[in-house]
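Between the sequences and the hints, there should be enough to build the whole structure, so can you do that?
Reading the sequence shown from the start, the letters are residues 152 to 694 in the numbering used here.
The set of hints was computed from the structure by calculation and includes no laboratory data. Be careful, since some hints might not be right.
What the hints assert, rightly or not - Lysine-lysine pairs mimicking DSS-like chemistry, simulated, CA-CA at most 25 Å apart:
id : residue 1 : residue 2
1  : LYS463    : LYS323
2  : LYS362    : LYS217
3  : LYS317    : LYS467
4  : LYS317    : LYS269
Unchecked claim - Beta-carbon label-pair distances, calculated as ranges:
id : residue 1 : residue 2 : range
5  : LEU457    : PHE341    : 34 to 42 Å
6  : VAL534    : PHE169    : 41 to 49 Å
7  : LEU191    : SER158    : 13 to 21 Å
8  : PHE169    : PRO623    : 22 to 30 Å
9  : THR601    : LEU552    : 24 to 32 Å
10 : LYS362    : HIS521    : 50 to 58 Å
11 : LYS179    : GLY446    : 45 to 53 Å
12 : VAL170    : ILE626    : 26 to 34 Å
13 : PRO536    : ASP655    : 54 to 62 Å
The beta-carbon is built from N, C-alpha and C at its ideal position, and this holds for glycine as well.
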Amino acid sequence: MQSHILSIILFTPLVGAFVLLFVPKENKDAIRWIANLFALGGFLISIPLVPMFWAQRFEVTPSHFKFLEGTLNNWIPSIGAGYNLGIDGISFLLIMLTTLLGWISILSSWTAIEIRVKEYYVWFLVLQTGMLGVFMALDFFLFFVFWEAMLVPMYLLIGIWGGPRKLYAAIKFFLYTLLGSVLMLLGILFLYFHHHTLTNVFTFSIPELYKTAPLIPFHTAIWLFVAFFIGFAIKVPMFPFHTWLPDAHVEAPTAGSVILAGVLLKMGTYGFVRFSLPFFPAVVSQPKVQGWVIGLSLVGIIYGALVSLMQKDMKKLVAYSSVSHLGFCTLGIFALNSAGLTGSVLQQINHGISTGALFLIVGILYERRHTREIAEYGGISNVMPVYATITMIMFLSSMGLPLLNGFVGEFTILQGAFTANWRWAAWAAPGVVLAAAYLLWLYQRVFFGTVTNPKNEKLHDLTPREILTFAPLIIMALWIGVYPKPFFQILEQPVNQIVQTIHDANANAPVNAQVAPVPAAQAPVVVGANAVRMNVAVPKASN
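Here it is as C-alpha cells:
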C-alpha cells in the first residue's frame, strides 16, 4: 500500500463519481449515501499517510520528495510527460486538509441540495480528485491537467447550484482563472524548451526542471516570474486580482464556498511556494520585486479587513476576510525566510479550517431562514445555544486568539516579516486588530440581545449531522493552537530547502544580474523541533 498510497488517495473520489453514474437519479438518498461514503473513505484512506510520512519526515532524498510514484516520461513519452507523484511536508499538510474538507463539504450538502442531486455529487467528487492531483503532481504536464480539471467542476457547482447571480459569478470565476492558466502555460512551455536546449531531453518533470532553471538569463526569468505570478495571484486571490472572489463565494452553494475557501485558494499560495520561489530565486529576492509583492500583500490585508467591516451580507463579509487572511500568507512567503514561509503554510491550513467553518456557520442559518442579511438576525444565542458556542470558537480561531490555530500562524508570519523588515510587520499588525473588529461586531449583531424578529423565534439548534461537520474542525483548531510542534517538524525540511535555494542563488548570482545580497536581518530562520531559531550573521572582530 505504501508504494501506491498517493494514487489510492488520489483516485478514491473519482471511483465514487464513477459508481454514482450507475445509480438512478431518482434515488436521491442512495446517491447521498454513496457520495458521503466515498468522501469519508477518501479521508480515512489518507489517514495511514500520517504515520508513514511522520516516520520519514527527516529523511533526505535526492529530489527532496517522498512516496515517489512513476518513472520519468512514462505517460506520454513522445512529449516527455510522465505520471509522477510525490509529496513533501508542504503538500502533505494540504492533502490532509483537502481530504478532510472534501468529506465535510459533502456531508454538509445532505439537505441543502435538492435539484440535480446526482450531477452535484459527481462533480464534487471529480473536483476532489483535481485538487488532490495538484498537490501530488511532480510533472508539469500532469500538474496542468489537474489544475484545469478543477476549473470545470467548480464552474458548474456555482453556475447550476448557486444563488440568483450564479451565471455571472461562474463566468467571472472561469474567465479570471483561465487567463491566469494561459499565462502559466506559456511559462511552463518556456521551461520545457529551455531544459531541452541545455540537456537535449524533453521532459516536464518538475525535479528535472529545477536543475536547469538557475541557468535561465535573468532578464528572461523576470518575465517568466510575472507569468507564473499572475496565474497564482489570481487563484489566491491577491489584491487587485481579487474581484472574482466575493461574487463566487456569495453565489456558490455552502459546500462550494467551503471547498473554494478551504482548498482552491491554496492552489495559488502553493504555486508560489512550489514554483515561483524555487524556479526564480534570484528574481524574488530582488528588492523591487519583493517590495512590490509585499506591498500588494499589505494592501490586501488592510483592504480586505476594512471592506469586511462594511458588509451587510454575512457571506460577503467572510469572503472579504479571506482576502485579508491570504494577504498574511503571501506576506510570509515573500519575506523569504523560514519563519515567514513556515507561518504562511501553517496559516494556509488554519485558514482552511477556520474560514471553512465560517462558511458552514453562515450556510446553516441560510438553510433555516434563506437570508444572509445581518439585519435579519439578533439574539440567535437564545434559541440556538450550541450553534452560538461553536460560532464563537471558530470566530476566535479566525481572529487569532492565543491557544487557537490562527494565533500560531499569524505570530510566525509576523516574526518572519519583522526579521526581514520591521515596517512590513508594523503595517500588517493592524490586520489582526481589524479581524477581531469585524468578527466580534458580526457576532454581537447576530447572536447577542433579544430575538427581535419573530421569524427567528422557532429556529432549531444544530442536528447531530451538523455538529459532526464542525467537530473535526474544532479539534484541529485546538490542536494546532495548543501543540503546533508536529506541524513545525513536518515543515522544517522543505521550508529550509527552499530558503537555502534562495540564498544559494544570491551567493552565486552573476554581477550583471544585480541581485542584492540578503542582509543579515534576513538570514535564514531555521525551524527546529521545539522553537523558531534565528541565525543572525555576526561580524568578525578585527585583529
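Status of the hints after comparison with the structure:
1. LYS463 to LYS323: OK: LYS463 and LYS323 at ~22 Å, within 25 Å.
2. LYS362 to LYS217: It holds: about 18 Å lies between the C-alpha atoms, which stays within 25 Å.
3. LYS317 to LYS467: holds (14 Å)
4. LYS317 to LYS269: Holds. LYS317 to LYS269 sits at ~19 Å (cutoff 25 Å).
5. LEU457 to PHE341: 34 to 42 Å: holds (39 Å)
6. VAL534 to PHE169: 41 to 49 Å: holds (43 Å)
7. LEU191 to SER158: 13 to 21 Å: holds (19 Å)
8. PHE169 to PRO623: 22 to 30 Å: holds (27 Å)
9. THR601 to LEU552: 24 to 32 Å: holds (27 Å)
10. LYS362 to HIS521: 50 to 58 Å: holds (56 Å)
11. LYS179 to GLY446: 45 to 53 Å: holds (50 Å)
12. VAL170 to ILE626: 26 to 34 Å: For ILE626 against VAL170, whose Cβ atoms are near 30 Å apart, the range 26 to 34 Å holds.
13. PRO536 to ASP655: 54 to 62 Å: holds (56 Å)
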